[in-house]
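Protein chains: 2
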Amino acid sequence: MPDFDSVLHPDFLIPMVPERQILKAHSVALRDGRIAAILPREDARLMMAVEHIDLPDCALMPGLINAHCHASMSLFRGYADDLPLASWLQQYIWPSETQFISPDFIRDGSELAIADLILGGTTTLIDQYFFPEMTAEAVDRSGLRALLTFPVIDVETAWARDAESCINNGLALRDRYRDHDRIDVGFGPHSTYMVSEQTLSRVAVLADELDAPIQIHLHETREEVLGSVERTGMRPIDHLEQLGLLGPRTQCVHMTALGDQDIETIATQGAHVVHCPKSNLKLGSGICPAQRLLDQGINVALGTDGAASNNRLNMLNELQTASLLGKTAHGDPRALDAWTTLEMATLGGARAMGQQDRLGSIEVGKDADMIALDLSGVHHQPHYNLASSIVYANSGSEVAWSWIAGKAVVRSGQLCTLDLAELRERAAAWSAKITDFRATLEHSKHAN
Amino acid sequence: MPDFDSVLHPDFLIPMVPERQILKAHSVALRDGRIAAILPREDARLMMAVEHIDLPDCALMPGLINAHCHASMSLFRGYADDLPLASWLQQYIWPSETQFISPDFIRDGSELAIADLILGGTTTLIDQYFFPEMTAEAVDRSGLRALLTFPVIDVETAWARDAESCINNGLALRDRYRDHDRIDVGFGPHSTYMVSEQTLSRVAVLADELDAPIQIHLHETREEVLGSVERTGMRPIDHLEQLGLLGPRTQCVHMTALGDQDIETIATQGAHVVHCPKSNLKLGSGICPAQRLLDQGINVALGTDGAASNNRLNMLNELQTASLLGKTAHGDPRALDAWTTLEMATLGGARAMGQQDRLGSIEVGKDADMIALDLSGVHHQPHYNLASSIVYANSGSEVAWSWIAGKAVVRSGQLCTLDLAELRERAAAWSAKITDFRATLEHSKHAN
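Residue numbers (this note's numbering), protein chains in the order written: chain Y, 540 to 987; chain R, 540 to 987.
The following block holds chain Y by itself, in its conformation from the complex (with noise of 0.2 Å):
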């Protein structure tokens, strides 16, 4: 009877809990889903185990939290670039999700997306889109960990009828995976501008007696900020806080145009930051001042957003544009340090979640949700300094191995789950009848 069901032994083991180091021959023993023992080298090569796999050239980290998402919008990369967010949205991403937003696009989307994400690192994702049942489904089949925010939203969707049939939808399904080991619902509220005052006190209440994860989109942009004051008197930010909604469960993603009183008030609520860089730089939302805020204490996880914002699912791409873009942000090239954006992509990521006591390190105990990258390609050489390498130096192409619940999902360099040529066919076919659409859509405005 073996101890262990597997044995890794990296080159380099990076915990993130203790913080900044770097353990040479130490290896990580798996049973059941969780880390059962971290242990010298040659001890561990004692062990009876199932499997031990080596891992030459390889760090293994925690795996990676991408704390904001819409997988499925994969099926939209590439479809509306360098346009402002007004027309980003109006002329073509409402038009198209109105046209297409269906189970299967849902089921395909998802796949697509996860495909990309398991591949780049992440293990556990925190999604909000449409039909999230669809998702689930594809998160159950490709091992994925998620947190799906139901979205809540009062217009009329494919999905659902009104705010009413978001949250029932959205609550059956919190049922359904109440038992599942690794998938969690809470609620999406899209925004203080897209939800009214009377569904954002009513998840209010709701997420409280269920003791849920809230995520919303907040202060993505200065508009926004100054169309709620004009509209309701206040900023998002303190609009959420009278609604009850803002606390200890509460992400708010995006978060730029934040005045130091917008800072106080998430840290007095212990509210949460998703901090997503890449998409915001591309929509020229705007800054999250995430050294700033972490100056004041208050925790920020790091999210992809969207395939249609970003374009890349890559959290390793993301952790290095935050670094880069804190210190220039921050005016100052210590701030988001390597080892500062490491820990907001993993354990941020766990608190946000509220689930640091199982996830974001590796510490016995904990689920075994790992990453093995490797850093033998020339552009990681030297090795100075590993948590600076797998930053500043990455492509975002280093997974080599990802244990998600202690199952290895990559191996080697190939995803188990999914099967990627059957993907590519199905991302094809949809891009074929989408095209055709946006043609329509270009007629029409042409044609106006």
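Hints were generated in silico from the structure; no laboratory data involved.
Be aware that one or more of the hints could be misleading.
[Unchecked claim] The calculated DSS-like cross-link candidates involving lysine-lysine, where the alpha carbons are at most 27 Å apart (straight line), are:
#: 1; chain 1: R; residue 1: K946; chain 2: R; residue 2: K563
#: 2; chain 1: Y; residue 1: K972; chain 2: R; residue 2: K563
#: 3; chain 1: R; residue 1: K972; chain 2: Y; residue 2: K563
Quantities reported herein were computed from a predicted structural model and do not represent experimental measurements.
Given chain Y's structure and the hints, the job is docking chain R onto it.
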């Protein structure tokens, strides 16, 4: 007797001239290092050639021109990150350069960089560093194309005693490579703060006589601009203009902290700007207003800078960051669109070198410098707009083939001209020595 050396059959052809076109079912034929024909696929299949190369899922485009680098500083990649510019230079980079810069260091560092550069899509490099003789040899061996701008500074280095020696060594190098097809040599006066007026004037006269390109770090930071005003009463660019060093052969690198008057000066003089977005972000230097420069008709090229301040030497990654950052810097998501940064990285670089008649596009008669990007990865699906996919979705690992002067230097993802295992070993040996030295630096700092 075959008609062509090789005929390439990509799924997509992006010639860059005519602009913004993507051709399907077209092939490119090479002969004697030049582009000899661009043909419909069916005709091309019938041609006699030494080699027909199928490039399924690939986009064939001009090779990328990395217009600013210090190649051999790759041996300092990750050596000193997350530091302010002054400590980075004074406490780490300069003492280590003094200790280690030697012909061997430059050979090993140049080769490590060149492997990384070529695998990331660079086919032409503009470099500036000590012992350019050694870099020239590495460039020659590797098959890369390069403009080496030899350093001109007044202080003594391992390479040259003073500015006069720099110029003598550099001009000897220029003589040696006079007839070399792929190597050019120009002047690299470091900056207006590291080189005396007298030396700068001498460079101006010589470069004019020899009709040679000049590359200089200019307006890298606001502090540089303020320092120049205090020292000389002039902004660096005005100082350069007064010394006769600003003109159509001048490549101005970095160019942050620009006022309208500076932009007018560059435009009037016909000088070129080299934008290095990632280095500027990482050192917190500022942001070059690339879109504003383009709007004034100024040619803008793109560079990675050295690996000590980036830390990638990947031009695909650099153009992604350029586009994303450009939108936010310009306050408009239409700024630096995908086609614009592709042009900066190809034709922009060619114009900066004064070689737009030879490089930067796939046109009959131009030098056969091309890359084939494999777009089959899930992160590139679906295909709506290939330019957008290449710019926004690339990982930088897409280079499947690379031809320089008609010779395949990368075949099916494998670099043909350098031994990666050997490069890794040499990098490891250097990093061991440099790490020991760094420990003595820190020891002596603590002892003080």
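Verification of the supplied hints:
Between K946(R) and K563(R) the CA atoms are separated by roughly 24 Å; this keeps the pair inside 27 Å, and the hint holds. A C-alpha spacing of about 20 Å is found between K972(Y) and K563(R), which places the hinted pair at or below 27 Å, so the restraint holds. With a CA separation close to 20 Å, the supplied pair K972(R) and K563(Y) stays within the 27 Å bound.
Violated hints are absent here; each numbered hint is respected by the structure.
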